[in-house]
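J.: Quick mapping for you: the protein sequence lines, in order, are chains B and X.
FYI, the working numbering numbers position 92 of the first sequence as 92, with every residue one higher than the one before it.
Numbers given in the working numbering equal positions in the second sequence, counted from 1, plus 172.
Take the hints with a grain of salt, since some may be wrong.
Some chain X residues judged to face chain B by a derived CB distance under 10 Å, without partners named [as the list claims (entries may be wrong)]: (1) Cys-244; (2) Gly-246; (3) Arg-293.
Calculated from the model, a selection of chain X residues having no Cβ within reach of chain B, i.e. all distances over 10 Å [stated by the list, open to error]: (4) Ala-210; (5) Val-252; (6) Gly-346; (7) Gln-361.
No lab work stands behind these hints: they were computed from the structure.
Even for Gly, the Cβ is constructed at its ideal location relative to N, Cα and C.
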Amino acid sequence: MTQHAITVLGHDRPGIIAQATAVLADLGLNIEDTSMTLLRGHFAMTLICAGGATEGRISDALAPLAEDGSLTVTVREVSGEHAAGAGGAPHVLTVHGGDRPGIVSGVVAVVAGVGGNVTDLTTRLSGDLYVLLAEVDLPAGVDVEALRTALTEEAARLGVGVTLRAAEADEL
Amino acid sequence: MSQTPEGAAHQVDARVAGWSETELGVEGRVLDVVRAPAAVLSTDGERVDPTAPETVQLAADLVATMRVSPGCVGLAAPQVGVGVKVFCVDVSEHPKTRDHHGTFVLCNAEVVTSSRNEKAREGCMSVPDLTGDVKRPSRIVVRGQLPGTGEEVEVTANAFEARALQHEIDHCDGFLFLDKVAGAHAIYQRKTYL
Chain B
1 MTQHAITVLG HDRPGIIAQA TAVLADLGLN IEDTSMTLLR GHFAMTLICA
51 GGATEGRISD ALAPLAEDGS LTVTVREVSG EHAAGAGGAP HVLTVHGGDR
101 PGIVSGVVAV VAGVGGNVTD LTTRLSGDLY VLLAEVDLPA GVDVEALRTA
151 LTEEAARLGV GVTLRAAEAD EL
Chain X
173 MSQTPEGAAH QVDARVAGWS ETELGVEGRV LDVVRAPAAV LSTDGERVDP
223 TAPETVQLAA DLVATMRVSP GCVGLAAPQV GVGVKVFCVD VSEHPKTRDH
273 HGTFVLCNAE VVTSSRNEKA REGCMSVPDL TGDVKRPSRI VVRGQLPGTG
323 EEVEVTANAF EARALQHEID HCDGFLFLDK VAGAHAIYQR KTYL
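Next comes chain B alone, as it looks inside the complex (with noise of 0.2 Å):
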């Protein structure tokens, strides 16, 4: 059993998940994790898909998918090791601004000068108006006030405001 990573990226049209899936569960495959957006109306999918088909034989089913250029498709075996948990503690870091060139590359800069693993990330820009919000992981032992206060002086230097809360589930 063999775990592929496999990427759609391009013109949205109606039917690419279910084109694309459709091959898949052809080849037996079994789809493990997917995330699938619009990106200002650009289709994007990552999935991970796990079963004994080769890269060439995914690479070749999907091919039908990428024929009239509209759509790019790759396909690569990654190893089936999970990243490591590492038990950090989850939270919310949301920045929203006036757009300018950086603002993702210098927030997450700071968040990655404590060891924080950034887990999903997503950032909207709407007119003038930039969005980002992320889930970070922080290691145990971070200062989470040290890091607020580091994260403020470059969000300030970003001309943007940034909150981080730790985002604790209930338990129901």
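Start from chain B and add chain X according to the hints.
T.: Using the frame of chain B, we list chain X on its own:
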């Protein structure tokens, strides 16, 4: 038993707040908690006779199982593999709790009225590896029956107790929080456990 801020005294039902599992007169047993995708968790539970001995025993078992489970503020019968409408809650120790009714068990409960939606991230013992953002009313009135006597009671709940009651009633109706998450990107892999 109940902490009631001034001005909200009418919100706590004295009968429910005064209830405790000792009324049941039977010893609760600690049961195993069932995990998704067990079919019982996705099946609408049967209504019960709250005075039947098996309901009384189940009520005691649910409370006993909740008590030994760290951080557990509620447990529904389907979570111990029994597809019926019985659950217990006790949110008295939770920081988000405002008014509360201590420990109680309800049979055949349903939400009568609700208002004020709020979104919060929920975790569930039956779905241990995922959490999800769920929008739920934060003020509700729940009607149900007490096990043993079968008395019908109405519980007016707010804040975290309201959320817990809805989560448990959903279990009794065959729904998990996964059925109610706020959107396609509203479930998360859990990284920390209690």
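J.: What are the numbers of the hints the structure violates, in ascending order?
T.: Violated hint: only 7; rest satisfied.
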